[in-house]
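Enquirer: As a plain string of letters, each chain reads:
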Amino acid sequence: MLNLIQNEWMKLWHQKATWAMLGILVVIIIAFSGLNKYYEERETRDWHTVEKEQIETYTQILAEEDAASNSYIQDEITISEYRLAHDIAPPNGMTVADFMDFGVDLITIVTLFAVIVGASIVSSEFSTGTIKMLLTRPASRAKILTSKLVTTFIYGLFMLAVNFALVWIVAFILFNGNTGTLLEVVNGQVQEVNVWKNLMEVSSLSAGNFIMSVLFAFLIGSVFRSSALAIGLTMFLSFMGGMVVMLLSKYSFAKYIWLAHTDLTQYANGGQHMLTGVTMPFSITVLAVYALIFLVISYWSFMKRDVTA
Amino acid sequence: MAQQPIVQLRNLTKVIRGKKLIDSLNLDLYPGQITGFLGPNGAGKTTTIRMMTGLMHPTEGEVLIEGQSLQGHYEEAISKVGVIVENPEMYKYMSGYKNLLHFARMHRQVSKERIDEVVRQVGLEKRIHEKVSTYSLGMRQRLGLAQALLHRPKFLILDEPTNGLDPAGIREFRTYLRKIAAEEGVSVFVSSHLLSEIELMCDRIAIIQNGQLIDIREMHNEAETVYYVEAEPLAKVQEVAQQLQIEYIVQAKGLELQIPKEQVPQLVNELVAQQVNIFAIQPQQKTLEEQFLEMTGGGQIAESHTK
Chain A
1 MLNLIQNEWM KLWHQKATWA MLGILVVIII AFSGLNKYYE ERETRDWHTV
51 EKEQIETYTQ ILAEEDAASN SYIQDEITIS EYRLAHDIAP PNGMTVADFM
101 DFGVDLITIV TLFAVIVGAS IVSSEFSTGT IKMLLTRPAS RAKILTSKLV
151 TTFIYGLFML AVNFALVWIV AFILFNGNTG TLLEVVNGQV QEVNVWKNLM
201 EVSSLSAGNF IMSVLFAFLI GSVFRSSALA IGLTMFLSFM GGMVVMLLSK
251 YSFAKYIWLA HTDLTQYANG GQHMLTGVTM PFSITVLAVY ALIFLVISYW
301 SFMKRDVTA
Chain B
1001 MAQQPIVQLR NLTKVIRGKK LIDSLNLDLY PGQITGFLGP NGAGKTTTIR
1051 MMTGLMHPTE GEVLIEGQSL QGHYEEAISK VGVIVENPEM YKYMSGYKNL
1101 LHFARMHRQV SKERIDEVVR QVGLEKRIHE KVSTYSLGMR QRLGLAQALL
1151 HRPKFLILDE PTNGLDPAGI REFRTYLRKI AAEEGVSVFV SSHLLSEIEL
1201 MCDRIAIIQN GQLIDIREMH NEAETVYYVE AEPLAKVQEV AQQLQIEYIV
1251 QAKGLELQIP KEQVPQLVNE LVAQQVNIFA IQPQQKTLEE QFLEMTGGGQ
1301 IAESHTK
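Chains as they are written, first to last, in our numbering: chain A, 1 to 309; chain B, 1001 to 1307.
Treat the hints with care, since some could be wrong.
Stated by the list, open to error - To give an idea of the interface, some chain B residues facing chain A are shown, with a C-beta separation under 10 Å as derived from the structure:
(1) 1030
(2) 1082
(3) 1090
(4) 1236
(5) 1239
(6) 1240
Bear in mind the hints are in silico, worked out from the structure with no lab data behind them. Ideal Cβ positions, reconstructed from N, Cα and C, are used throughout, including at glycine.
From just these sequences and the hints, can you work out the full model?
Expert: Here's what the structure looks like:
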C-alpha cells in the first residue's frame, strides 16, 4: 500500500499542473502581502488622542439619534473608554493575526486545487490508457483506488501546510511590528478577542467543505472518468449549492441535502445554521452519511466495471 | 501434451447488452510454447485478452493461471502474468526508468538490478532516463516489453506486440520471445494481425471467429504435405509420378507433388534410376494466410488492428 501511494505521489509531482498550483498559491500569498504592505495605512498620532476623539464623535451621534437602539456604537464607546482606563493600545495597521486570517480565506483556493487533483487522479489514467498497465498488476483495484484517494488528501494537506507556513512567515517578516489588542464586548463585559482561537475554529470547520468537495470530485472523476466534468460539477455545486438550498428551504427535506451542510463555518463563533433548528451534530451526521455514500459508489464503480479504455 | 497447462480458459463467456461477444471459450496454454491468437477484426480477440488479464469480468466461466482462478485469487494469479494490451501506454511525463520503477514497486521482489537487467535486454540503456514523450513508437514498444518482463512472468500476453517495430526490431523481438519460451519455460500468447509474423513466431495457433474458437492447430506438423520438384525432363517426372500413384500439379519448371515425407526417398531413387536431372526438391507448406482465409471465409482480416 505504501508503495502504491509512493507511486501516485511520484506521478503527481511529475505533472506540470501540480507545480503550477503550488506556484499559484505562492504567488497569491506573496502578491497579496506585498500589496498590503505597500498600501498599509498607519495611524501616526498617539492612540490616546484618537480614542478620545472617537468617543466624542460617537457620543454626538448617540445624542442625535435614537439612543439605546444603537448597541454597536454603544459598544464602541465602552471599548474606547476601557482602553483609556486600562492603557490597552488598539492594533495599528495590519497584524500577524489579520494576515493569518487571509491564510484561512485561502483554504478555498487550496480546496479547489485538491478538487482538481482528486478529479483527475483516476480519470487521467483512463484517458491516457495507462489504466490497463496499472490494473494488470498484483494490486487489487480497491488498493489502487485507496492509494489514489489517500494521495489526494495528502496533497491537500501538504498544500494547506505550505499555505499556513508561508502566510505565517510572510506575516512575521512584514507585519510583526504591528502590535495591539483587539477588544470585544460580550454580555456587557469588555474582553480580549482570542484571534488565534477564532482562526483555529474557522480553519477546522473548513474541513467540512474541503473533505466533501474532494470526495465529490473523486466520485465523479472515477465514475464518469472525466476530469473536466468532475471539476466543473464540483465547482458549480460549491458556488450554486447555497442558492439551491435557499430555494428549497421551505421544504423539510432541504436539510437532508449535503450541500446545506458543507459550509460548517456558519457555526463559527456561536453562529446559527441558515435553516432553523439545524445543529452542528446534525450537519456532521448528514455529511458523514453522504461521504460514505460517495465512497461506496466510487469503489463499487471502480471495482466492478470493465476497463475498455 | 503431457505437461500441465499454465493457463486454462474454462468455458469463458462474455455477454454485453444481450450480445454474446465471447461464447464458451476453452483453451489451454503450455509452458515453453508460443501460441498465436488470430481472428478477423471484431472476432473477440481483445475482449478475450482483457478477460485473461482481469480488465474485464467474464459473464460466465473462468480463467485459471496455474490452477488459480483469476477472479477468485486475483493478486496471486496476476503476479505470474506479464501483459501488453494493445499499445503499451506509459506515463509520458516521466522517464522510461521512472515508469519501470513505478511498475516494479507494484510487484514483490523486483530489485533495481532487475530493472537494469531488463533495460539492457530490450536495448534501451542509452535513453532510459529520458522522458517517454521523446520516445519513438518502437522505443515505447521496447519499454512496454520491459515492463511486462520485470517480474519474470510465467505467462506473457501480448496484443499486437510488433506494431511499430522496425524489421530488425521485429526479428530481435521474435528471437527474444523464442529464447525466454525455450530457456525459462514461459508460455506466450500473442495476438497479431501480421499473419507472417505469427507464422514465424508461433508453435501453435488458435483462431477465433464471432466469439467462438474455430480451430487450434500445431504449426509444424501438417498432415498433408506438398513437395515441389524441379527437374528435367519434366515428362519423365510425370511418368514416375503416375507410376507411384502420386497426385501432382504441373508448374512452369517443375511439379508440385502431394506425397507424405516417408515416400520422398523412394521418389528420388526412382527419378535417379530414370536418369532425371534433379535441380531441387523442397517441401511446401500452405502459408498461414491461405489457411486462415480458408477457415474464416476469406477477406475479413483487416490491415490494421485499432481500437
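Enquirer: Against each hint, give a clear statement of whether it holds in the structure.
Expert: To see whether the hints hold, each was checked on the structure:
no. : hint : result
1   : 1030 : 22 Å, violated
2   : 1082 : 9 Å, holds
3   : 1090 : 7 Å, holds
4   : 1236 : 62 Å, violated
5   : 1239 : 62 Å, violated
6   : 1240 : 59 Å, violated
In this structure, the earlier hints numbered 1, 4, 5, 6 are contradicted, and the remaining ones agree with it.
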